[in-house]
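Colleague: As you go down the protein sequences, you meet chains A and B in turn. Per my numbering, the very first residue in the first sequence carries number 11; after that it's consecutive. Per my numbering, the very first residue in the second sequence carries number 23; after that it's consecutive.
Derived from the structure by calculation, the hints contain no laboratory data. Every value quoted in this text rests on a predicted model; they were computed, and no experiment measured them. No false leads were mixed into what you were given.
Listed next, with one range per pair, are the computed distances between beta-carbon atoms: (1) Leu438/A to Ser110/B: 42 to 50 angstroms; (2) Pro106/B to Leu206/A: 53 to 61 angstroms; (3) Trp99/B to Glu297/A: 51 to 59 angstroms; (4) Gly83/B to Arg113/A: 18 to 26 angstroms; (5) Gln42/A to Asp104/B: 56 to 64 angstroms.
Just so you know, even glycine gets a beta-carbon here, dropped at the ideal spot from N, CA and C.
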Amino acid sequence: MKSSEAYVEEPLLGGTQTFGSISSSVSKIAEQKVGPLWYAAITASGSLTLLLFVSIGYLVWEGVGIWGLNNPVSWGWAIINFVFWVGIGHAGTLISAILFLLRQKWRTSINRFAEAMTLFAVSCALIFPGIHVGRMWVAYYLFPLPNQMSMWPNFRSPLLWDVFAVGTYFTVSLLFWYVGLIPDLATMRDRAKTKLRKFVLGIFSVGWRGGNRQWKHYELAYLILAGVSTPLVLSVHSVVATDFAVSILPGWHTTIFPPYFVAGAIFSGFAMVMTLAIIVRKIFHVEDLITVRHLERMNKIMLLTGMMVGYAYSMEFFIAWYSGNIYEQFVFINRATGPYAWAYWTMITCNVVVPQLFWFKKLRNHIVVMFIASILINVGMWFERFVIVVSSLANDFLPSSWDYYSPTFWDISTFVGSFGLFFTLFLLFVRFVPIIAMSEVKGVLPEADPHHGAHHAEKGGAHE
Amino acid sequence: MSSSAIHGVLARYEDPASLIHAAEKVRDAGYKNFDCHSPFPIHGMDDAMGLKRSPMGWIVGAMAITGGTIGLALQWWTSTIDYPIIISGKPHFSFQAYIFVTFALAVLFSAIGASIGMLMVNRLPRLHHPVFYSDSFKKASDDGFFISVLSDDPKFDKAETGNFLRSIGGNDIEVLEG
Numbered sequence: 011m012k013s014s015e016a017y018v019e020e021p022l023l024g025g026t027q028t029f030g031s032i033s034s035s036v037s038k039i040a041e042q043k044v045g046p047l048w049y050a051a052i053t054a055s056g057s058l059t060l061l062l063f064v065s066i067g068y069l070v071w072e073g074v075g076i077w078g079l080n081n082p083v084s085w086g087w088a089i090i091n092f093v094f095w096v097g098i099g100h101a102g103t104l105i106s107a108i109l110f111l112l113r114q115k116w117r118t119s120i121n122r123f124a125e126a127m128t129l130f131a132v133s134c135a136l137i138f139p140g141i142h143v144g145r146m147w148v149a150y151y152l153f154p155l156p157n158q159m160s161m162w163p164n165f166r167s168p169l170l171w172d173v174f175a176v177g178t179y180f181t182v183s184l185l186f187w188y189v190g191l192i193p194d195l196a197t198m199r200d201r202a203k204t205k206l207r208k209f210v211l212g213i214f215s216v217g218w219r220g221g222n223r224q225w226k227h228y229e230l231a232y233l234i235l236a237g238v239s240t241p242l243v244l245s246v247h248s249v250v251a252t253d254f255a256v257s258i259l260p261g262w263h264t265t266i267f268p269p270y271f272v273a274g275a276i277f278s279g280f281a282m283v284m285t286l287a288i289i290v291r292k293i294f295h296v297e298d299l300i301t302v303r304h305l306e307r308m309n310k311i312m313l314l315t316g317m318m319v320g321y322a323y324s325m326e327f328f329i330a331w332y333s334g335n336i337y338e339q340f341v342f343i344n345r346a347t348g349p350y351a352w353a354y355w356t357m358i359t360c361n362v363v364v365p366q367l368f369w370f371k372k373l374r375n376h377i378v379v380m381f382i383a384s385i386l387i388n389v390g391m392w393f394e395r396f397v398i399v400v401s402s403l404a405n406d407f408l409p410s411s412w413d414y415y416s417p418t419f420w421d422i423s424t425f426v427g428s429f430g431l432f433f434t435l436f437l438l439f440v441r442f443v444p445i446i447a448m449s450e451v452k453g454v455l456p457e458a459d460p461h462h463g464a465h466h467a468e469k470g471g472a473h474e
Numbered sequence: 023m024s025s026s027a028i029h030g031v032l033a034r035y036e037d038p039a040s041l042i043h044a045a046e047k048v049r050d051a052g053y054k055n056f057d058c059h060s061p062f063p064i065h066g067m068d069d070a071m072g073l074k075r076s077p078m079g080w081i082v083g084a085m086a087i088t089g090g091t092i093g094l095a096l097q098w099w100t101s102t103i104d105y106p107i108i109i110s111g112k113p114h115f116s117f118q119a120y121i122f123v124t125f126a127l128a129v130l131f132s133a134i135g136a137s138i139g140m141l142m143v144n145r146l147p148r149l150h151h152p153v154f155y156s157d158s159f160k161k162a163s164d165d166g167f168f169i170s171v172l173s174d175d176p177k178f179d180k181a182e183t184g185n186f187l188r189s190i191g192g193n194d195i196e197v198l199e200g
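Based on the sequences and whatever the hints tell you, model everything.
Modeller: Right, here's the structure in full:
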């Protein structure tokens, strides 16, 4: 990095960090006795998870009629929630894979729990297509399994691609996460005091010895995993978008959908990472590892992706006018002024207006501001999917078939319950697994560079 | 196990720089079966140890081709041989629509190849290894840097190897026995 010698990079981490301090401050979180706060939190989220299971149970018993679906709006909250949760997952993969390929060292403090968030969000997402098929005992029709009708799924349909997209996405995210965990589990294994911990961590750390003969393969495998995850994550939400885009419904039938959905997914995912990061660093006192500098960079990405989403909203309007298609024009004017205008303007406020706060360095570095903004952005992104799904279906070509859609108790309980599942899994994760990738954070400390001593006089935070 | 077989020698180094310099000297001294343990990968260590490039790329490449082939073959066979059916007037083999599933299976197989392959190339899971006889080796996953030379190395000699590791900056020389 000769060209940047004049530029002294700000150190990423706060306080005085050593390799040992990173091991202990991260491992400690999963080793210590958990406080009453954790029990209170998991009681609340566990109760909501039960609500989810009750809602699903009642759905199996009674059928999809318990939801607010009606004749034009035959795709309601289930698909909205599916797209919402899959979208949230995307930030985890972006942080772990794309930022890794771009050599963004600041990702190391947040990638572990962002990846965990991906897994849990995709788990929540997978529930919805599974249960919304109505007869979920034949959900295996989705897979190319030999069956009694000797028929195969229609491989020309994006809905079928979606099965492969999300299934692959979950598996790849799980493998990527676990491979990243192995050295850290070894750290925890070596710190373990009780027999049970030694045994369990010993098994999950697969006997990792941290030898360079292992690191050599490990690093290349990790690079490859990042390399294959990158096109995968971009394709997953593109496929989700084609579920809509290949239909002939005005408001769905647009070529901008795949990139627009991907940008929106990253936008909402970063907002969720932000919400979780702020809570985690506060509760577990890792403010020196997840610093305001990390959060500020995430805010910049949210500003960027928020602008991309805003661009997509305006481009949809422009194309509706420019195409001269009256149905398309009606749909967009109806979105902004029709029966769902309240949802549309909630979406615009949260997704386009709120991120503009991040133009200001002061607000970008202000924890309370970014916490509130991150929650508002996720609200806005949920409403984006609501607007897309519901407003297009409710007011289609023929006014005589129009109807107003509103959710029932069971729609709401299933959605709220999915948050319960998400937070339960996340709480279990922070309880048992190192929430920060220790080996990676150690690797970006200036001391980790074997030429550290030689360059020390030249620049403060020697990197590479 | 017999009470005290000697499996190798372990030496601790202070920091990544001294580990990498020591690795070069161990390599130049002609040792083959040695390893440098660190809590994170150290850049330049492969050269310092004289290691060849990892074959992971070839493994994953083969897996990707396998996955992609299976994906495309599955769609081709089901739609043209096993149950040909015309859907929305498209040809039986509508390859344009089959690209995504082909791609997804290629990625899935690559990821499995990268993770399982990495473990297999590393001979993991292996829960038992001579270096674990050392208690101080626990530091290798925390903030310790170690070189281990195993006894099946042709140049290995309990006393001489230990002295050599000390002479190139090693501390706490330990004989791995158990």
